[in-house]
Amino acid sequence: MTVRISTSRVLGRHGLLLLCVAVTCFPVLYALLVSTFDFQQIFIYPPRLIPGTSLLENVRLAWTKVGLGRLLANSFLISISVALGKIVLAILAAFAFTYFRDFPGKNILFVVILITHMLPLPVRIVSTFQLMDNLGWVNTYYALTIPFFASATGTLLFRQFFLTVPQSLSDAARIDGAGPMRFLTRILVPLSYNNLMALFMVEFVYMWNEYLWPLIVTTSNEMRVAQIGIKMLVATDAQAEWNVIMAGVILVMLPPLLILLLFQNHFMRTVTFGQEK
Amino acid sequence: MSRRWKVLGAALVTILMLSSPVAAQVKIKLWHAMGGARYDAITKEISAGFNKLHPDYVIEPLFSGSYAETVTKGIAAIRAGDPPHILQVYEVGTQTMLDSGEIIPVTDVVKPGEIKWEDYFAPIMNYYTVGGKLSSMPFNSSTAILYYNKDAFKKAGLDPEKPPATYKDVEEMGRKILASGAARGAITFGWPAWMFEQAFAYHNQLYANNENGRKGRATQILFNGPFGVEVLTRWKKWADEKLLMYGGREYAPNKAFLSGEVAMLLQSTSQVTTIEKAAKFAVGTGFLPHLEGKPQGKSVIGGASLWVLKGKGRSPQELDAIAKFFKYVGQAEQSAKWHQDTGYFPATHSSEKLLRDEGWFKKNPNHETAFKQIQAGPDTPATRGVLLGNFVQIRNITDSALEKTFSGRLGPQVALDEAAQEINKVLEEYGRLQK
Amino acid sequence: MAMEGRFPNRTLPYLLVLPSIVIVAVFLILPSLQALYLSLFEVSPFGTRAIFVGLNNFREILTSDDYRFSLRLSVLFAIAVVVLSMSVSLGMAVLANKPLRGIGLYRTFLLWPYALSPAVAGIVWALLFEPSSGLMTYLIRLTTDRSPNWMMDANYALLVIILAAAWKMLGFNIVFFLAGLQSIPGEMIEAAQVDGASPRQTFWRVVFPILSPMTFFLFIMNSLYAFFEVFGLIDVMTQGGPGGGTEVLIYKLYQDGFISIRWGYASAQSIVLFILVSTLTLLQFRYAGRRVFYA
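Chains as they are written, first to last, in my numbering: chain A, 1 to 277; chain B, 1001 to 1435; chain C, 2001 to 2295.
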């Protein structure tokens, strides 16, 4: 039964939605605007609303001032590694918990993995840092990636998904004489495509935006990540060059945004899917 | 046949020649906290200049963030067993470095006679000399001075060439400034805890026991005595009359001064070049205001110095490289240029002479103010500067106490008493760990 | 759900969970236990000396003015962020749930702040409120004749970080609220309308109760975010200032641990945070049931 809505209501809805979009977008649009200014234009009052022409120059300045290229590369490296690492470990663990006859300690191990949710970084930050120190991993890619490979979220996600896969599939696989690993790689993984993409997106964005851990665990400029680059752009005791800072911020902001746009549908599908319980 | 051997021989010799300087090049890592304009100065001028002069030695400067971050990283590197050769540590880190057991005093690195120590200014040497040894190399020393907005003074009907000399002046001039609408606030300061320490040194009062921690480790803070309370009460009065616009910690108040919101600023002289460049008004400077009726002391050295870290042991070449670098940094031209680029003191008499002969101070009178200020006054433990363990924490506690007073949450005596109690505990904890 | 279709291998499952278990044990559980251990000591900055002080660090935390202030500030901040972000995003989700041409495009634009980091959100809002010429500063001066200066006034600083933090979470909240709204059977809405309920009554009496598990889930997630993930936001803007006015617990932990270099004291603080997060997480497990959460 479709209800015909009056034109004015439709317009009203568009208007409200535009207002909502304005709220979510205007801060970044303003940042983009300022990134086109030269230094003088930043401090014009009342604030100038017409774009300037210095965007490329500011990007160049931001790039060279903190070595943004290297920082972005580092962020890419660790975000992709961690996202992939988490997916692999989560699938393997979820598979073990779902498709095998109960093995001793199964529940304990499951709880152990879930406990990670109660142990976010701040709870163990000093001692994890010291562990890195002892392992000699301070200021290395190892410290930035390996501690993040385990994922309670991912394990739960895949386990819940696996529980919905029709039993007939695994039955058929066993009858065909296929081993569990073949079942996993040939059947389950392709089926999990949406979840895979969704988790990849979530973990990539999460790692890209991680700030505190890279701050304390990296000491040299070559190892730092894009987020810390923002801080490096701001850290000055003179007047902050907002135009250059914003140019850098736009660059740091783009990759996760692109990933979000690319994977958005997978993400939405998984969330809504999760609702149908 | 012989031709082939000749070519081979030539190639071999060339390879040997090319590889030897590379093999002999000694790399010295320097971790520092000089951002902004100072970054260019330390990287492009000082380090590049030294490297050119000494091709066997390479100084590799690495910007490591703020002073606090640089120290933390240095400590982490020490624990990991691979510290840089030279670490720039701010003055509040002095006690921590001294107690670390990880440093080589400068007097042990530099051979006698290699550097003319008499050329260096006494206050600077005195700050970093402990137990008869120069523990770290003076590099960027500053002190606090008063900046003021000459245009605002004119608008308020004040003589733009006469900055306030006493607390009373600050009050009277400040009231005129507010009344005339020349600015929204009369005075503000950065690094409030540091300003508090300055007040003590400036009036020859001890900040902590054991002669400011120079005779033995400081175990008690003394700032909640009558003098401290009087200073804080005056500052609170300024805040209540809206003369004092509290500007937050560190460099935040600079913005208020630069935008013209506040007419006077107590701040480090290391900012003088930056402030002069950024201000859209005529900037004047003067001595810190004096509290009437109190003795004459001297303002205290701030900034940072260069510490040599032991690591797993330094080779004679490394030590020589470091010594030569220190000598280079102290040369008249280098020291003078560093001063011009930043505002930090020219560290030696000969660099001062160089600047004077160039007429630099005549053209840039604001750069001379801090200089004159540290030379006018006695040399006592109170004016040498206080050494405290866990100084960073103590500064935070002090900042909090000052802020609580300004906001009216606590009275000056109570705030200082509470802070003193907490600080004494911190000092005690520190002392325990050092035994 | 019976799973007879299970594989009989005995050792393979152990091998499959081994990587996860190893990582969790070495990098999460072990350091957490060490944090507990370390919290009972006073440790010198260089790690050379450690003195056992029992519960002294905890006593210091409980009696420290600074800590209690930070705790109150964090709770206030969290409540403000959670309430603001969730209410606004619920409204937006309701709007985004209506059938409309181009709704997909709107949803994309509503969702996208999710990709931003707290640090980016912080710096962007710091710019908006730039004391001399920021856009928001200008608007506020126009409308209220006040001059907000977050660099000097702790109240404004707090306001700006609340706005930045709440704004950043809008995308995340909208996605989940939207999913929740879309899972409400259309018949229930129609039934309510047939019964003569107004849109407002329909919302509060029918939609909102059904949405409550999702609301609770988001409440927990937003709270965890407000306590633990806003570090970057504060570090690029106020660094805990002015005057400690934005020094929330996670920032104080960083200060005490990595700036003042008091390892033992900072570890004690992290234990307190652990108590906080486990309370929230346990609540979530109990009441939100088997829900997928995206950390």
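Hints were generated in silico from the structure; no laboratory data involved.
Quick caveat: nothing in here was measured; it's all calculated off a predicted structure.
Ideal Cβ placement from N, Cα and C applies to all residues, glycine included.
Treat the hints with caution; some may be incorrect.
As the list claims (entries may be wrong) - Straight-line Cα separation of at most 25 Å, BS3-like style, residue types lysine-lysine; simulated pairs:
(1) B:Lys-1044 <-> B:Lys-1277
(2) B:Lys-1133 <-> B:Lys-1277
(3) B:Lys-1310 <-> A:Lys-65
(4) A:Lys-65 <-> B:Lys-1029
(5) A:Lys-65 <-> B:Lys-1133
(6) B:Lys-1168 <-> B:Lys-1312
(7) B:Lys-1111 <-> B:Lys-1312
(8) B:Lys-1327 <-> A:Lys-65
(9) B:Lys-1324 <-> B:Lys-1155
(10) B:Lys-1176 <-> B:Lys-1155
(11) B:Lys-1168 <-> B:Lys-1242
(12) A:Lys-65 <-> B:Lys-1242
(13) B:Lys-1294 <-> B:Lys-1116
(14) A:Lys-65 <-> B:Lys-1168
(15) B:Lys-1280 <-> B:Lys-1294
(16) B:Lys-1310 <-> B:Lys-1027
(17) B:Lys-1310 <-> B:Lys-1029
(18) B:Lys-1277 <-> B:Lys-1116
What the hints assert, rightly or not - In silico negatives: residues of chain B with every beta carbon more than 10 Å from chain A:
(19) Leu-1062
(20) Ser-1064
(21) Arg-1079
(22) Asp-1099
(23) Pro-1112
(24) Glu-1241
(25) Gly-1286
(26) Lys-1372
Mind listing which of the numbered hints don't hold for this structure, in increasing order? Checked against the structure, the hints that fail are numbers 2, 3, 5, 6, 8, 9, 12, 13, 14, 15, 18, 19, 20 and 21, while the rest are satisfied.
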